[in-house]
Each structure stands twice: as C-alpha cells, then as structure tokens.
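Chains as they are written, first to last, in the numbering used here: chain A, 57 to 275; chain B, 15 to 210.
Among the hints, a few may not be true.
[As the list claims (entries may be wrong)] Only pairs whose alpha carbons sit at most 30 Å apart, straight line, appear in this in silico DSS-like list of lysine-lysine:
1. B:LYS100 - A:LYS257
2. B:LYS100 - B:LYS116
3. B:LYS116 - A:LYS65
[As the list claims (entries may be wrong)] Simulated coverage check for chain A against chain B, where a stretch passes if three residues somewhere in it have a Cβ under 8 Å from a Cβ of chain B:
4. 148-159
5. 177-185
6. 214-227
7. 242-255
If you're looking for bench data, these hints aren't it; they were derived computationally from the structure. Positions of the beta carbon are idealized from the N, C-alpha and C atoms, including for glycine.
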Amino acid sequence: MGHAKLPRKSTHIDMTAMCDVAFLLLTFFMLATKFKPEEPVVVKTPSSISSIQLPDKDIMLLTVDTKGRIFFAIDNKVNRKALIEDINAVKSLNLSETEKNAFAIDASIGIPLNQLKSYLAAPPQQHSALEASAPGIPADTNALAPNNELADWIKSARNSNPKLRICIKADGDASYPSVSKIIKTLEGWKIFKFNLITNLKAIPPGTAAFTEANAGVKP
Amino acid sequence: MAELDTSGGGKKKGPGVKKGKKLSTRIDLTPMVDLGFLLITFFMFTTTLAKPKTMEINMPYKDPLMKDEEKNKIKNSVALTVLLSKSHRIYYYEGIGDDPNKQPDYKSTTFNQKNGIRDEIIAKKKMVDDLKRSGALTAKDNMTVLIKPDTTSTYSDLVNILDEMNINDIRVYAIIDISGVEQDNIKATEVANGIK
C-alpha cells in the first residue's frame with residue numbers, strides 16, 4: 057500500500073517584512089518620543105474635562121504628594137542655574153560652584169533650604185533616595201511668613217525667568233490645606249492665574265459643556 | 015526578498031574550470047527583528063506621547079489695601095455656596111449666608127452623576143435665568159458659585175467642583191476660606207443626617 061507523500065515544505069519564514077515593520081515602528085517611536093521627566097514622587101492627578109495642553113517650556117511645576125509634601129521644579133537647565141545663583145545670593149547659602157551645577161542638572165527639589173547644601177553635595181545617584189525621604193519645601197498660607205520657603209523659591213524663579221507659567225500637580229488625595237498653602241502663597245505674590253494639571257475625562261452628556269463641544273457636529 | 019539569486023546564469027562552464035562554492039546569501043533576520051522589537055518596547059515605555067492636560071484657573075484679584083466699599087457685592091439671589099467636606103461630601107445652601115440672624119438651610123449632596131451637585135447647579139442656573147427674564151435681575155447679574163473647601167476636603171474635591179463649573183458653564187465662581195460658623199453648621203448637619 058502506498059501512502060500519500062506530503063510535499064516537504066520549508067519552515068523558513070521570510071523575516072524581511074517583519075523586520076521592515078519593526079524598524080518602521082522603531083523610527084516612529086524614536087522620533088515621537090520625549091523622555092518622561094524624572095518625577096520625585098508618584099502623583100495621581102484628578103480628572104477634569106479641560107483639554108488645554110501643558111506648554112512645552114517655561115514651566116514651574118509644583119508637585120504635591122498625598123502627604124502634602126511640596127516639590128519644586130523648573131524646566132530649563134539655564135534657568136535652574138540662574139535660579140540657584142539668585143537664591144544663593146538672597147539666602148546667603150554659600151554654595152560652591154559644583155553644588156550649583158548639581159542643582160542645575162537635578163530635576164526637582166523638595167527639601168528645606170538649610171539642608172540644601174548637604175543635599176547638593178551628595179553624589180547625584182543618591183538624590184532620588186534623598187528625595188523620597190525629603191520633608192518637602194516648607195510653605196505657609198502667608199507669602200511673607202519667614203518660614204515660607206516656597207515663596208522664596210517662587211520669587212527667585214520669577215526673577216530669573218518672568219515668563220514662567222505656574223503649574224500645580226497635586227495628588228487627588230492631597231488634603232486641601234496643603235494645596236491651599238500654595239494658592240495663598242501665589243496670591244501673596246499677586247499671581248492669580250495658574251494651571252492645575254489634570255487627567256482628561258469625557259464630558260458628561262446633557263450638560264452645557266457637552267452642548268458647546270458638540271455645537272457644530274450633526275447627530 | 016532578502017536573498018539574492020545565486021544560481022548561475024545558466025551558462026555551463028567548461029571542463030577543468032573550478033566551480034566556485036555556492037554560498038547562500040540568505041541571512042537570518044530573526045535576531046534583527048528581535049532587536050527591533052526590543053527597542054520599540056523600550057521607547058514605548060519611556061515615551062510620553064500625550065502631553066498632560068491642564069486646567070486654567072483665575073483667582074479673583076485680591077489686594078489687602080482694597081476697601082470694603084470697593085468690593086463688589088454679590089446678590090443673594092444669584093449665589094450658591096458650596097462647602098466641601100470630608101469623604102467627598104458636599105454641603106450647599108442658597109445665597110451667600112451673610113445674614114447673622116438667620117442661618118441658611120444646609121443641604122447635603124455628593125459628586126454623584128445622578129442627584130449630585132450638578133443637578134443643583136443646573137437648577138439654580140435655570141432659576142437665575144428665569145429671574146433675568148422676568149426682570150427681577152439685570153443682564154449683568156450672573157450666577158455665582160462660592161466654593162469653600164474645609165480642612166478635611168481633598169484636592170480632588172476642589173478639582174471636581176471646578177470641573178463642574180466648566181461642565182455647567184458657570185462663568186463666575188470663587189474659592190473662599192470657610193468660616194468657623196460654617197464649619198459648625200457642617201457638623202450640625204452631619205449630626206442631623208447621621209453622617210459620621
């Protein structure tokens with residue numbers, strides 16, 4: 057009895073097409089990517105329907121975590137250098153040139169001024185560990201209070217770059233008083249316009265904003 | 015595709031001519047694909063494609079030197095005062111509650127989609143519009159929401175209520191400090207409604 061002979065087929069698959077796709081995607085991601093800035097703490101922002109985009113540059117970011125610790129960051133290396141020069145002169149911190157440069161390359165700051173020198177003297181690899189246990193920048197509801205260091209940071213930052221936009225990125229579970237300290241401090245410096253960073257959520261149907269958003273759209 | 019045709023041109027070589035060994039030019043692309051996808055994964059995880067969204071807020075201009083007479087008074091009929099309290103509860107009352115003899119009627123609600131604060135805001139807005147139409151209020155009068163978060167409220171409450179302002183197209187609103195009387199009234203309302 058003869059049995060049917062199956063034709064032997066090659067198991068070799070041509071990978072070229074797959075390779076093309078892989079590298080096409082790779083190119084896309086490489087060009088479209090913008091690395092996430094290093095974040096001092098994990099913050100889960102609340103959602104809103106606002107779809108205004110955060111500007112690319114000239115941002116002052118005030119991060120508030122669940123415990124109400126405040127972290128301060130500005131975006132540009134040159135600006136950071138100018139800021140630390142300013143705060144060093146105003147608060148007479150006696151920072152060395154290396155410490156100032158350490159500040160310029162660091163992402164954010166969340167420690168009181170009296171610990172700033174030792175923090176900046178520490179090797180940069182330890183900074184994120186130190187940030188995790190940092191007490192946050194001391195703030196107060198009165199911008200002129202002597203212990204309101206946040207007010208000093210904001211003032212110096214505005215001096216070094218007047219175009220700075222102020223963004224508050226607070227955790228949804230942060231208590232209102234901790235956020236209120238920032239708002240009051242900003243008001244103390246006559247800053248009444250600022251941004252709150254939120255996630256995007258859908259507009260609930262049947263509301264005024266929903267009608268407006270769908271004004272030109274036919275059902 | 016990746017391989018080249020290496021079979022001869024079909025022309026028979028003469029005797030004694032040594033045949034070159036036929037080497038396949040077919041390259042195994044699998045490792046290259048692996049590498050490609052590895053890099054894609056890396057870039058996908060580190061990338062921030064969507065820029066964070068922000069909500070712009072304008073606080074009312076405040077000047078400690080401003081005299082009381084210069085401040086704009088809000089009419090009681092257009093105002094809704096919203097008090098934010100613990101565990102995402104909201105207490106609200108009509109008007110601005112400045113009458114020391116008569117305490118406003120505190121009502122309690124939540125951020126729920128149904129029967130929440132949104133329905134109250136919409137109802138109040140309609141009421142103000144009706145009053146405008148009947149001539150009791152001028153066109154310049156806008157519905158005003160006074161937001162007073164207390165010390166037990168969270169930041170998400172604040173963002174939620176500001177978001178409700180955007181959702182319901184309330185143009186005039188302000189974030190104000192809560193007063194001691196209002197704190198006490200919240201407590202009293204909590205007790206009356208059996209909220210712990």
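Hints and how they fare:
no.	hint	verdict
1	B:LYS100 - A:LYS257	holds (23 Å)
2	B:LYS100 - B:LYS116	holds (25 Å)
3	B:LYS116 - A:LYS65	violated (92 Å)
4	148-159	violated (count 0)
5	177-185	violated (count 0)
6	214-227	holds (count 4)
7	242-255	holds (count 10)
Consistency with the previously given hints fails for numbers 3, 4, 5, ordered from lowest to highest.
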